[in-house]
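Asks: Sequences are here, hints too, so could you generate the full structure?
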Amino acid sequence: MAALAIHDGPDGSRILALSGRLDAGALRELWRDVRRAVDEAASRRVVVDASGVDYCDGAGAALLVDLLRRPRTPAVEVRDLRPPYDALLALFDPVRLERDLDPEQPRRPVIEEIGRAAAAVARDTRLQVAFIGETTAALVYAATHPHSVRWKDVWRIAERAGADALPIVALISFLLGMILAFQSAVPMKRFGAEIFVADLIGLAMLRELGPLMTAILLAGRSGAAFAAEIGTMRVNQEVDALVTMGLDPVRFLVTPRIIAAMLMTPLLTLFANVVGLLGGAVTMQTFGIPFLTYFRETDTAVALEDFAAGFIKSFVFAILVAGIGCLRGLQTTAGASAVGEAATRAVVSGIILLVIVDGLFALAYYLLGI
Amino acid sequence: MDAPLPRAPGEPLIRVIDVDTGYEGNAILERINFEVRKGEVFGILGGSGSGKSTIMKNMIGLLPPLAGRVLFGDDDVWAESAQRERIVSRFGVMYQSGALFGSMTLLENVRLPLETATDLPDDAIDLIARMKLELVGLEAFTGHLPSELSGGMQKRAGIARAMALDPEILFLDEPSSGLDPITAATLDATVRRLSESLGVTFVIVTHDLGSVFTAVDRVILLDRRAKGIIAEGDPRRLRDESDDPRVCAFFRREPEAANA
Chain A
1 MAALAIHDGP DGSRILALSG RLDAGALREL WRDVRRAVDE AASRRVVVDA
51 SGVDYCDGAG AALLVDLLRR PRTPAVEVRD LRPPYDALLA LFDPVRLERD
101 LDPEQPRRPV IEEIGRAAAA VARDTRLQVA FIGETTAALV YAATHPHSVR
151 WKDVWRIAER AGADALPIVA LISFLLGMIL AFQSAVPMKR FGAEIFVADL
201 IGLAMLRELG PLMTAILLAG RSGAAFAAEI GTMRVNQEVD ALVTMGLDPV
251 RFLVTPRIIA AMLMTPLLTL FANVVGLLGG AVTMQTFGIP FLTYFRETDT
301 AVALEDFAAG FIKSFVFAIL VAGIGCLRGL QTTAGASAVG EAATRAVVSG
351 IILLVIVDGL FALAYYLLGI
Chain B
1001 MDAPLPRAPG EPLIRVIDVD TGYEGNAILE RINFEVRKGE VFGILGGSGS
1051 GKSTIMKNMI GLLPPLAGRV LFGDDDVWAE SAQRERIVSR FGVMYQSGAL
1101 FGSMTLLENV RLPLETATDL PDDAIDLIAR MKLELVGLEA FTGHLPSELS
1151 GGMQKRAGIA RAMALDPEIL FLDEPSSGLD PITAATLDAT VRRLSESLGV
1201 TFVIVTHDLG SVFTAVDRVI LLDRRAKGII AEGDPRRLRD ESDDPRVCAF
1251 FRREPEAANA
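Protein chains in written order, with the working numbering: chain A, 1 to 370; chain B, 1001 to 1260.
It should be emphasised that the hints constitute simulated quantities derived from the structure, not laboratory data. Please read all numbers here as calculations on a predicted model, not as lab measurements. One should not assume that every hint holds.
Example chain B residues on the side facing chain A (calculated, C-beta under 7 Å, incomplete) [claimed, not checked]:
hint, residue
1, Thr1116
2, Thr1118
3, Leu1120
4, Ile1128
5, Arg1130
6, Met1131
7, Glu1139
8, Ala1140
9, Phe1141
10, Thr1142
11, Gly1143
12, Asp1166
Backbone N, C-alpha and C fix where the C-beta goes; we use that ideal spot for every residue, glycine too.
Replies: And the structure:
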């Protein structure tokens, strides 16, 4: 244990005699006591007698430096610290340690923050437009040069983004169909119109919910995965390696992912539509409408163009979600948090874009009379 | 410059007894025995893939050995998890890439172990952390995030964090890889200084011969093909006196063909 004894020297100076082991465990009380003793000495000379110190580690040295760096005249002196601890203490410059050599930047004014945020949005928009251009060029190239596409990657990604997503797509669409049927059947039953629940579910699933829910699931599963994968490659300089090998990262990383998503999302949408209708049918059973009646009603309510309207959307959604995932991945900066941020941004901007584009589709279909 | 003063060997601090090391039943090293003595700078050497980082993981409680025991004093590191946590908290470890927490500034990174393990006043913790950063020459970067620094600086900050609690034993994984020669030499000097002034024990995993000859007291040399230790002792003597061609090739930086 460490101890402190205070007495006055013959020349009127205050002597603080330290003894024992100066390490982090022993310093909690001592640190406060020593500081107080120095403060109480007021303007008198203070000498720290360290001859009784048996051991002094980094924390002990910090205590001594803390005393030495005090802005007082005369400055505190440390005496008789024995080797090798005196050499340890000599490594530090108390005056330098008194100053903060790397102060925090002062906060910027609000106006400047707003300006910077606006500039960031503008920069991001420009990047997105440029990325759309690059991606389109890469996809056109892929379409005209099919052998240049890395098909092995495409199948691998298609399996993960498509086949592996079947259970979650099934679960969500089935429940969606069931819930939708239940919510609408209760009020419609009052008018004896529960048979039209089949019309509602058929139109809603095929035109809107099937493609949209599938795309949102794709954004959550695969969009985030693409961003994290490419982001990690960016952090590990794998993307730089591609560039220096003369390979275009967009053609090498983005094209296979977008093609895989374009192949799989419409199939998943089809699957989601069927399972959603099934979910509705199961609920309607409990309202006394048999399967056959339900499906016959759906058949009369839904036309091929309703199905096509949703199916075409799913292609566009696939490009959006996969593209934004890849873009966010390529935009990843350094650091462990950057990859997480890229994945988050991929999902958020993916879903925002989905909703906007879905709105545009609704408008276009309305104007076209589909 | 060469040859640090030979010191009286201290008592064994870590003993590695009959350890098989590797991943999932695939042993890279078999029946390894060595000890690290108190106060020495101990080097684990070997070519790439010889298992030197893996055996360090066995020693610091990250990866259980496939067989055998690792003792710290008289306690088995792998006996039970509560004991392992207690033992490992007395180690300082610097990982190959620095392994700093990316969301914290350098100062916060070094403060973290001090805040959790001690109850010193806040400004005392601050001072200790800044002194550790000064030891590795980073006192002017305390407010920077790790991502704003070069690889070598991150590594030095990693050492500062490993030293925060003045551990009895410091493990350094490839401390000089990726550093320029001057920084690497500064690091070697820091190691010697801490070893001599504070009696800190170092275990250094490396294949940088420059550091080995200037900073390290005793080494073991691991070999992938032999699946074990092929030499042990003072690296300078091994270099000058060994008649094992594999050892000579390693210390004299001769190409692999000379091994055959």
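Asks: If you take the shortest Cβ to Cβ gap from Thr1116/B to chain A, is it below 7 Å?
Replies: 12 Å, violated
Asks: Minimum Cβ distance from Gly1143/B to chain A below 7 Å?
Replies: 4 Å, holds
Asks: Hint validation: Thr1118/B versus chain A, beta carbon distance must be below 7 Å. Holds or violated?
Replies: This interface hint holds because 5 Å falls under the 7 Å limit.
Asks: Tell me if the interface restraint on Leu1120/B is satisfied: Cβ within less than 7 Å of some Cβ in chain A.
Replies: 6 Å, holds
Asks: Restraint: Glu1139/B near chain A, CB-CB cut 7 Å. Satisfied or not?
Replies: 5 Å, holds
Asks: Given Arg1130/B as an interface hint, is its Cβ closer than 7 Å to any Cβ of chain A?
Replies: Holds, about 6 Å.
Asks: Quick check on Ile1128/B please, does its C-beta sit within 7 Å of some C-beta on chain A?
Replies: Given a least distance of 4 Å, the restraint on Ile1128/B holds.
Asks: Close enough to count: is the Cβ of Asp1166/B nearer than 7 Å to one in chain A?
Replies: Check passed: Cβ of Asp1166/B comes within 4 Å of chain A, closer than 7 Å.
Asks: Let's test the interface hint: is any C-beta of chain A closer than 7 Å to that of Thr1142/B?
Replies: 5 Å, holds
Asks: With a cut-off of 7 Å on the beta carbons, see whether Met1131/B makes it to chain A.
Replies: 5 Å, holds
Asks: Closer than 7 Å between Cβ atoms is the bar; does Phe1141/B clear it against chain A? Give me holds or violated.
Replies: This hint holds: Phe1141/B lies near chain A, its Cβ roughly 6 Å from the closest one there, short of 7 Å.
Asks: Does Ala1140/B meet its interface restraint, that is, does its C-beta lie within less than 7 Å of any C-beta in chain A?
Replies: 4 Å, holds
Hint check: a violation occurs at hint 1 only; the rest are consistent with the structure.
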